[in-house]
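As you go down the protein sequences, you meet chains A and B in turn.
According to the working numbering, the residues represented by the first sequence are 8 to 465, in order.
According to the working numbering, the residues represented by the second sequence are -10 to 181, in order.
Derived by calculation from the structure, the hints in this document are not laboratory data.
Do not rely on the hints blindly, as some may be mistaken.
[Claimed, not checked] Every beta carbon over 10 angstroms from chain A, so not counted as near; a handful from chain B, in silico:
#  : residue
1  : Thr(-3)
2  : Arg36
3  : Asn46
4  : Phe47
5  : Val109
6  : Ser111
7  : Leu114
8  : Thr127
9  : Lys128
10 : Ile130
[Stated by the list, open to error] Here are the simulated lysine-lysine pairs, PhoX-like style, with alpha carbons at most 20 angstroms apart:
#  : chain 1 : residue 1 : chain 2 : residue 2
11 : A       : Lys84     : B       : Lys25
12 : B       : Lys84     : B       : Lys25
13 : B       : Lys20     : A       : Lys84
14 : B       : Lys173    : A       : Lys63
15 : A       : Lys55     : B       : Lys171
16 : A       : Lys36     : A       : Lys63
17 : B       : Lys24     : A       : Lys84
18 : A       : Lys171    : A       : Lys15
Where is the CB? At the ideal position from N, CA and C, for every residue including glycine.
Chain by chain, the residues run as shown.
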Amino acid sequence: MGKTLFDKVWDAHVVDTVKNGPQVLYIDKHLIHEVTSPQAFNELEERKIPVARPDKIVATADHNTPTINQHLPIKDKLSRLQLEQLTKNCKKNNITLYGLGHENNGIVHVIAPELGITQPGMTMVCGDSHTSTHGAFGTIAFGIGTSQVAQVFASQCLLIEKPKSLRVNVNGKLKKGVLPKDVILYIIAKLGTNSGTGYFCEYAGNVFEEMSMEGRMTVCNMSIEMGARGGMIAPDETTFKYVKGKEFASKGDEFDKKVAYWKTLPTDDGAVFDKEYSFDAADIEPMLTYGTNPGMGIKITEKIPLNTDDSFQKSLAYMNFKAGETLIGKSINYVFLGSCTNSRIEDFRIAANYVKGKQKATNVHAWLVPGSQRVAKQIQEEGLDTIFTQAGFKLREPGCSACLAMNDDKIPEGEYCVSTSNRNFEGRQGQGARTILASPLMAVATAVHGKIIDITKH
Amino acid sequence: MEKFIQLTDTAIPLPTENIDTDQIIPARFLKATDKKGFGDNVFRDWRYLKNGSVNTNFVLNNTEFKGSILVAGNNFGCGSSREHAAWALVGYGFKVIISSFFADIFKGNALNNGLLPLQVSSEFLKKLLQEIQENPSTKIIVDLEKQSLKTSVGNVTFDIDTYKKVCMTNGYDDIDFLISKKEKIAAFEAAL
Ligand code: SF4
Chain A
8 MGKTLFDKVW
18 DAHVVDTVKN
28 GPQVLYIDKH
38 LIHEVTSPQA
48 FNELEERKIP
58 VARPDKIVAT
68 ADHNTPTINQ
78 HLPIKDKLSR
88 LQLEQLTKNC
98 KKNNITLYGL
108 GHENNGIVHV
118 IAPELGITQP
128 GMTMVCGDSH
138 TSTHGAFGTI
148 AFGIGTSQVA
158 QVFASQCLLI
168 EKPKSLRVNV
178 NGKLKKGVLP
188 KDVILYIIAK
198 LGTNSGTGYF
208 CEYAGNVFEE
218 MSMEGRMTVC
228 NMSIEMGARG
238 GMIAPDETTF
248 KYVKGKEFAS
258 KGDEFDKKVA
268 YWKTLPTDDG
278 AVFDKEYSFD
288 AADIEPMLTY
298 GTNPGMGIKI
308 TEKIPLNTDD
318 SFQKSLAYMN
328 FKAGETLIGK
338 SINYVFLGSC
348 TNSRIEDFRI
358 AANYVKGKQK
368 ATNVHAWLVP
378 GSQRVAKQIQ
388 EEGLDTIFTQ
398 AGFKLREPGC
408 SACLAMNDDK
418 IPEGEYCVST
428 SNRNFEGRQG
438 QGARTILASP
448 LMAVATAVHG
458 KIIDITKH
Chain B
-10 MEKFIQLTDT
0 AIPLPTENID
10 TDQIIPARFL
20 KATDKKGFGD
30 NVFRDWRYLK
40 NGSVNTNFVL
50 NNTEFKGSIL
60 VAGNNFGCGS
70 SREHAAWALV
80 GYGFKVIISS
90 FFADIFKGNA
100 LNNGLLPLQV
110 SSEFLKKLLQ
120 EIQENPSTKI
130 IVDLEKQSLK
140 TSVGNVTFDI
150 DTYKKVCMTN
160 GYDDIDFLIS
170 KKEKIAAFEA
180 AL
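Extracted from the complex, chain A is given alone in its bound form:
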């Protein structure tokens, strides 16, 4: 029987197996940030255990950082202390840190791929559930809790049970205006938010094969929103080309040797998955969520469904929407283009391309937040910032920002926000804020029109 991509990478990292229990999995790269690492460092310190492999850890500050005036001291005392703690911990343990203002700083899941830290066939973890993003490279990457961060610090390994395997196939031709974000929102709307629990998902089919690395990252990013630990896409020429020449990627012969290995990773013909689904690309339209979990999504042309379930009703009440309603024409005052789902250069190119020659609606507060310093720089180099400025938009500085609203970037109570992030939970973007998840194209179109429009008709 053939092996899956997931099996191949997993099996290559098993150090040991506990009888009737979990396996000891070796971790190639451990990414850390300010929010989920301090307690892990404390734990080790209290138990007098050294960090095993500081050379395999990379740190950034992103969750709790301001997106304006990053050159000034941080006003919020607790946030400032958290960052100082990260700096102290990294220094003490010899860990590379790309702190605030550093040219490599940015959202952890944006910087690791762009620096070439993320490579096919690796195992990667981070104390953040959207670590699944890195699966776009054919990497086993998943989020862990802080106790597990401490485990990896202590041993460079993780005790974990091997998840089951799931494959989602999407084949056919995508319609105009349908972006990778719509593909994943569609899959989650079809399968539900816990269809993937206990599974690691592989995305296969020509739709993913034809996607850019940025698009693949958007898809894998949201694997966790259907409950899966992670998602993966087989590495191919697109992947190799993306990794080649990046700062942390090997060079010359060394690189070619790696590519030869990476080429052996894709799922063998005849490999069997525990669960498999297939969708037709032509059925996908620009998507929007109307509720308070990412599975509550509809096509732009669809109406909010009827459902008498209590949690469904509660969710609609929170959003102040009614069953049977269309979202087209809803007036929107906030738009967020950012987060590790959609803050890469390609997302800003799509946005700039749309807003070029248009004007932002006066009622809309639009937060455009690049995922990293490098993305911000590239936006400038490509002249996209001028397009945004001319259209009445202002770019902010990199960070997680309104994706989780830990810093000052909060959507006010009761306001709707069309957001390119990945979660629409109650209060996620600020207490009482109402999030509508969408693609970068839908987000900027909303910002220009001041309301939700059917992008396929424009």
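Start from chain A and add chain B with the ligand according to the hints.
Leaving out everything else, chain B with the ligand in the frame of chain A:
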């Protein structure tokens, strides 16, 4: 980590489904650098109204219900991987969460903090929730050794990973275990 072997207590019913970790502990409380104090803010935005006053409609503020067992709706702990959610629940005094389904990462985080995520069938959950709501003094007996749960609405058994069970009943954690594997890990690294 504290040992967990057996527990007999009353329970608090919270039938809401899909309770995500943003509800258990909102992001604005994640700025601390230690594990203390999160219990004060567990379910913060449900416990308090917007003006800061106590929401008397929320079950944790209803003095009729007490206990270290939380009985919650399906798909508990979905969303963010923040372990702060487990710390908040433990900090508040919960020792067991009963639901018909737990999100993966939350489940792992709970077990790593001595909090038992106990999965039952949705039919049993429904009966149990109803019984507690009608009769707040309903006692629940959880026996981890026997993997059993006993109440007036019936007795059921539950699953738990053998290794995790050993950890919980002995109060060990994964770090102790992994450090004991040092040589194997070194050998693996040498072969990389
Ligand atoms: S952008 Fe949002 S989802 Fe991504 S790492 Fe930051 S907080 Fe997490």
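Comparing the hints with the structure gives:
no., hint, verdict
1, Thr(-3), "holds, 27 angstroms"
2, Arg36, "holds, 13 angstroms"
3, Asn46, "holds, 13 angstroms"
4, Phe47, "holds, 13 angstroms"
5, Val109, "holds, 16 angstroms"
6, Ser111, "holds, 13 angstroms"
7, Leu114, "holds, 14 angstroms"
8, Thr127, "holds, 22 angstroms"
9, Lys128, "holds, 27 angstroms"
10, Ile130, "holds, 26 angstroms"
11, A:Lys84 to B:Lys25, "holds, 18 angstroms"
12, B:Lys84 to B:Lys25, "holds, 16 angstroms"
13, B:Lys20 to A:Lys84, "holds, 9 angstroms"
14, B:Lys173 to A:Lys63, "holds, 18 angstroms"
15, A:Lys55 to B:Lys171, "holds, 16 angstroms"
16, A:Lys36 to A:Lys63, "holds, 5 angstroms"
17, B:Lys24 to A:Lys84, "holds, 18 angstroms"
18, A:Lys171 to A:Lys15, "holds, 14 angstroms"
Checked against the numbered hints above, the structure breaks none of them.
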